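Just so you know, the sequences run in chain order A and Z.
For the first sequence, the numbering used here gives the first residue as 1, with consecutive numbering after it.
For the second sequence, the numbering used here gives the first residue as 1001, with consecutive numbering after it.
In case anyone wonders, no lab produced these hints; they're calculated from the structure.
It is possible that some hints are incorrect.
Stated by the list, open to error - Away from chain A, derived, C-beta distances all over 12 angstroms, residues of chain Z:
1. Gly1075
2. Thr1105
3. Glu1123
4. Thr1136
5. Asp1181
6. Thr1197
7. Leu1198
8. Glu1243
Said to hold, decoys possible - Below 16 angstroms or equal to it, Euclidean Cα-Cα: the simulated EDC-like pairs (lysine to aspartate or glutamate) are:
9. Z:Lys1111 x A:Glu170
10. Z:Lys1267 x Z:Glu1251
11. Z:Lys1087 x A:Glu155
12. Z:Lys1064 x A:Glu153
13. Z:Lys1064 x A:Glu170
14. Z:Lys1111 x Z:Glu1131
What you are looking at is a predicted structure, and each value in this text was computed from that prediction instead of being measured.
Using N, Cα and C, we set each Cβ at its ideal position, and we do this for glycine too.
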Amino acid sequence: MIKSFFEPLRVLNRRAMVSLVIAEVIIALVVWQLSGGGLIPTPLKVLQTLGKIVQDPSFIDNLFASLVLTIKGMFISIVIALVISYLSIVPLFNPIARFVIKCRYLTLTGLTFLFTLWTQNGHELKLSLLIFGIVPFFVTSLLSVVDGINKQEFELCTTLRMGSWKTLWEVIIVGRLDQVFEVMRQNFAIAWLMITSVEGLSMSEGGLGVMLIRANKYVQLDVVFSTLVIIFLLGIFFDYILGKFREWLFPYTKLSTR
Amino acid sequence: MNANVYTKHEPLLTAEHLTLQYGDKTILRDINFCIHDIHRPNMQQGQVVSLIGRSGIGKTQLFKMLSGLIQPTQGVVKIDNDQHPVKAGEVGIVPQNYILFNHRTIYHNLKIGLDNAAVKLTEDEKKRIIEDYAGTFQLTEHLKKYPAQLSGGQRQRVSIIQQVLTGNKFILLDEPFSGLDVLMIDKVIQLLIKVSTLHEENTLIIVSHDIENAAAISDTVWVLGKEEGKEGATIIQEYDLCEMGYAWQPEIRQDAGFQQLVATIKKQL
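In isolation and in its complexed conformation, chain Z is listed as follows (with noise of 0.2 angstroms):
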């Protein structure tokens, strides 16, 4: 596959000078951006951005925002192909601490995605799709157990797939490399890939301070930091990854380019 072709089409999302403020503390301000639609010949092919920064510069909050779970102070968020201002429960979210219902079993928890979604399916369906998806992600044999009993980054799969279950093309995903050995982040990077790959319009934003595990499987990064003289954080540099030529790159972190642009950014912050 040559990652040099693709093409850029509607946007998906876009953040329209979004300021978030409590009280006189402006914790975030201006941020625009615009996640489009990406195409790639012969394949199904998602998008991947990331929005990197600092610890506590708030990057929870632009999370929040972007899902709807927070109304900005200023600015608006908009997503889909009509661009309509989001709502809570459009765009799904994956917590740094992946909550699941601890009450409820690995199946369970996947089929209350399935049964929230906007597509009616019966019993049947729901199991046929659930143990489809436990499969493809290595989840079979623990669809019978309880959150408790998995590992963190087993909660994180299951916390993916309930949120691609429910039907949203969008998912945030709260420093998903968070706490992962190294050959466990490379499992979490290839899960990602296969995400975004389910749906052409399937559409994961990594919200981390990892520069160089978010910027391997990402087709667009921006950097958050804040500017001289300025109250809160914004966009202070976009990279076009697809362009650079660094996008769909399995073995992209060997790249002596790509690891010159992941000092630059880390500069940055």
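Chain A extracted, bound-state conformation (with noise of 0.2 angstroms):
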């Protein structure tokens, strides 16, 4: 079996796979466990500091501000996307959706002086911030999937009597829901990861990366690796969630073709 482990392309049965899972996690803890010490806190450290932060009563109210803008910010970005998205299909609109894909190249960080100005309050600009970095990579991701459709499915369209809006509702809006869904699943990673960069900017509402930002100030390491844990298990959490989530409401998506 241990043998196994190291032949390319052997596809491994899931208990033996889990065995290597938990193998491999047991030897990084020792790792860094007997490496630790000094300023990297061990994760015996960090496990005891992950216990005291999720028992303070400031705790629930971070993670639940981090949550609340994570959510709210893809959700509004996922509209915006999908609607730049599908418009792309008509001649007008494409140059807009190709130009909101190079946006991609552009940093939050000197537009933050714009969004201040246009926005009210710290949240607003958390969000907007939030929105106008992520949705350029909804729509990079969602313009793939369209253009992966196959051209035969639009002919079929075409033979069935169907006009062109029919087409866009049959073929890329009702037809790539699910896959919609799997770009909104894989981007949900970037807006977690953008979330600490944005809650910096306006730090009254607290939130993840709010208790980043502070442990690092004061070098609170072990507080850092324990939010880093925190905020490593969540994003897991949801990718699994919304993982499930779209097998229960697509369910074609896990038949296999004969």
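Dock chain to chain to rebuild the complex, using the hints, since each chain is given by itself in its own frame.
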């Protein structure tokens, strides 16, 4: 069995794979524990701090602030990105969609001042920056979904006497809704990553990002690591939930061609 | 049923001087053929014709021109009794990979055909028709399944019926025998015969490189090939299988004369 772990292209059964993952996690933790100490907190220290953070009354507020901001930002971003992506097949709007994609290369830091002028308060500023940061990534993924549609699907619609708007509805909107969900799931990680950056712009509302910034400022590395673990675990949890939700909503995505 | 008794009537589909060029490259050149309405006594006899050619000769491009999906550089495709130029949507297509809407169940895939049919029906009427066709073509137990749950042969059947339900009298089939085993090929042949005899004007156009199976169910075969010194494929031979006595005979593949014909066509490719 051990030999199979080192064989290229070898497909392991579920039990063997779970054993392998557990073994590697244990090894990583042991290496971390043994090499830790000094400035870098050990896993045990991180675990202890994690317990304290979770019990802290302000933790729930911070967690809630980050979650609300992320979910709100994600929701508004996906609506904007969907509108831009669906309209991209109308020639008039295609250049706009292509430009939005390129906005991935604009840094948020340089635009903070502009957004501060446009928004009324700290929450709006964070939300708008988050949306501005996420939308180009959403549009990029959604346009690749649209571009990846087999031309024959459009031809099928033509032979079934469907007009262009009905084709848009059937093939791109309804037909790719499952993939929109997948794009959402994949890009949730980007939103989650950005949240810690944008929260630093207005710290009055708190949030996991604010916790990180404060802990970094006072070199409380055990708090930094524990907060990172919380952010990491929450990210994995949401990834799993969105994946399951997709399977439940779109059962055909789980089916394989015979 | 006497296979020798038949009459040919008005043209249903005519290809006139079809030429397709991409830049300086000629893909198809001066293609001409005509599909006539064939009548046989005491039955609904549709038309089944084959366009046979080697892989890469431009069959799929011809397929798209006949269905109005692409415009020829020169020439015109005319359909129906009034022989008007074909428009996209008037000719059904069944692509080689049997494209269906993967997010819809088989029932809803078939219903889309009826939803867009010229004749407007109530939901109950649509349900009855779908169930009727599903019964005839052994798909009843698959109506609630998604396309990904069906085999290639089953998807092909759904794809064909979807086009029939849309009301398309003309259905183009791209390589309908490709990738199927011998038993499945026989089933497909039976299915195509059944579809062709549903209505007097139903016309199936098979584009294939499988000479034997395509010719076995056709009333006319056109061979696509290249003429020496000329660029682009064109029709190099027409075989009227009704006249030759090979049409509409279920066991024709066992006939020595038919096999000789298959060998002759093979040499022409």
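Comparing the hints with the structure gives:
| no. | hint | in the structure |
| --- | --- | --- |
| 1 | Gly1075 | 21 angstroms, holds |
| 2 | Thr1105 | 9 angstroms, violated |
| 3 | Glu1123 | 18 angstroms, holds |
| 4 | Thr1136 | 20 angstroms, holds |
| 5 | Asp1181 | 14 angstroms, holds |
| 6 | Thr1197 | 22 angstroms, holds |
| 7 | Leu1198 | 18 angstroms, holds |
| 8 | Glu1243 | 32 angstroms, holds |
| 9 | Z:Lys1111 x A:Glu170 | 13 angstroms, holds |
| 10 | Z:Lys1267 x Z:Glu1251 | 23 angstroms, violated |
| 11 | Z:Lys1087 x A:Glu155 | 13 angstroms, holds |
| 12 | Z:Lys1064 x A:Glu153 | 14 angstroms, holds |
| 13 | Z:Lys1064 x A:Glu170 | 22 angstroms, violated |
| 14 | Z:Lys1111 x Z:Glu1131 | 10 angstroms, holds |
Checked against the numbered hints given earlier, this structure breaks hints 2, 10 and 13; the rest are met.
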